[in-house]
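Chemist: Produce the entire structure from the sequences given, and follow the hints as far as they go.
Just so you know, the sequences run in chain order A and B. If you count by this note's numbering, then the first sequence holds residues 9 to 156, one letter each, in order. If you count by this note's numbering, then the second sequence holds residues 768 to 905, one letter each, in order.
Hint data in this document are derived by calculation from the structure and do not stem from the laboratory. Careful, some of the hints might be misleading.
What the hints assert, rightly or not - Derived pair list, reagent style SDA-like, types lysine to any residue, alpha-carbon separation capped at 25 Å:
1. K80(A) - D835(B)
2. K80(A) - L903(B)
3. K142(A) - D772(B)
4. K80(A) - G905(B)
5. K900(B) - F23(A)
6. K838(B) - E12(A)
7. K138(A) - C834(B)
8. K900(B) - D772(B)
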Amino acid sequence: MKEENVRKLLKFCLFLGMIDGLAGGPIVFLFATNIHSIFVTHIEVEPLFVRTTGLFMFFMGYQYYLAYRDYKGYLCLVQTTILLRAIFAAANLLEAFFLMERPFSFPNYYFLAMGLFDMFMGAAQIYCLKKLGKRWLVLGNGLNQKEV
Amino acid sequence: MTIMDKVMRVLFFAAFIVDVALGLICVFFAQEVQIILNVGREEEPAFIRVLGLFPIFVGYLYYLIFCDQRKYLVLIQVTVLERLSYPILLSAEIFYLLPGPFSLIHLVFSAMALITLFLALMQVYYLIQLNQKVILSG
Numbered sequence: 009m010k011e012e013n014v015r016k017l018l019k020f021c022l023f024l025g026m027i028d029g030l031a032g033g034p035i036v037f038l039f040a041t042n043i044h045s046i047f048v049t050h051i052e053v054e055p056l057f058v059r060t061t062g063l064f065m066f067f068m069g070y071q072y073y074l075a076y077r078d079y080k081g082y083l084c085l086v087q088t089t090i091l092l093r094a095i096f097a098a099a100n101l102l103e104a105f106f107l108m109e110r111p112f113s114f115p116n117y118y119f120l121a122m123g124l125f126d127m128f129m130g131a132a133q134i135y136c137l138k139k140l141g142k143r144w145l146v147l148g149n150g151l152n153q154k155e156v
Numbered sequence: 768m769t770i771m772d773k774v775m776r777v778l779f780f781a782a783f784i785v786d787v788a789l790g791l792i793c794v795f796f797a798q799e800v801q802i803i804l805n806v807g808r809e810e811e812p813a814f815i816r817v818l819g820l821f822p823i824f825v826g827y828l829y830y831l832i833f834c835d836q837r838k839y840l841v842l843i844q845v846t847v848l849e850r851l852s853y854p855i856l857l858s859a860e861i862f863y864l865l866p867g868p869f870s871l872i873h874l875v876f877s878a879m880a881l882i883t884l885f886l887a888l889m890q891v892y893y894l895i896q897l898n899q900k901v902i903l904s905g
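Modeler: Structure representation (structure tokens):
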């Protein structure tokens with residue numbers, strides 16, 4: 009793939025991540041009770057864990073927004089969100105296949121779709137960074153936020 | 768390295784340890800967490816596990832900051848927003864959303880809100896001292 013197309017793909021991924029967080033976060037936060045009722049039949053208490061998930065999704069969207077605006081300047085945000093996508097992909101797929109109740113029903117399909125989406129995002133970000141000659145995993149040194 | 772740098776380095780390390788520990792507890796002991804906090808009984812507490820992943824990620828960001836806080840200034844600026852928004856949510860939960868009377872979960876949330884607010888304010892103070900923007904707007 010040409011370098012220009014790689015840059016476009018990266019921008020597209022960052023845009024998707026931004027929409028996922030900035031639109032999905034407030035929805036999950038504000039409609040936590042409704043969302044919780046899809047997964048749990050008997051709601052006894054305030055769905056605080058769903059609400060907090062919405063807040064963190066918004067935070068993730070903010071990171072993607074900054075990276076989308078200037079991915080060269082905020083390269084470290086592109087790199088760090090790869091880890092987020094990787095752990096989310098693993099957790100969502102584990103939930104779908106092993107932890108949620110069987111047989112497959114809506115919650116399983118939901119977590120499966122989320123897991124595949126996270127996997128796609130993480131893989132695409134890794135691919136783009138490798139093609140652009142950047143490091144994709146940072147473990148505490150060698151990262152320069154102004155690296156181009 | 769100034770005294771402020773050293774103090775912040777200790778705080779970032781503490782934040783890294785606490786966040787990762789909190790995240791791992793939520794991921795691997797989700798059943799126990801919902802029992803201890805008395806937040807309902809679900810067969811599979813998926814949202815507690817999913818929520819646990821975020822502190823692990825934030826802990827990773829703090830680890831990077833701890834490794835070189837001057838180089839990863841952008842991560843300090845990004846985490847300020849998260850640290851400031853978290854106490855607001857916790858306060859809303861404590862005072863409006865969680866049912867009364869005051870119980871263990873209220874106490875845990877109050878402590879978390881105060882600690883998070885303290886860290887956020889320290890980060891803001893540190894960034895101001897370094898003549899850096901507190902909130903990035905792109």
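Chemist: Are the hints correct? Go through all of them and say.
Modeler: Do the hints match the structure? See the list:
| no. | hint | in the structure |
| --- | --- | --- |
| 1 | K80(A) - D835(B) | holds, 20 Å |
| 2 | K80(A) - L903(B) | holds, 15 Å |
| 3 | K142(A) - D772(B) | violated, 29 Å |
| 4 | K80(A) - G905(B) | holds, 12 Å |
| 5 | K900(B) - F23(A) | holds, 24 Å |
| 6 | K838(B) - E12(A) | violated, 29 Å |
| 7 | K138(A) - C834(B) | holds, 24 Å |
| 8 | K900(B) - D772(B) | holds, 17 Å |
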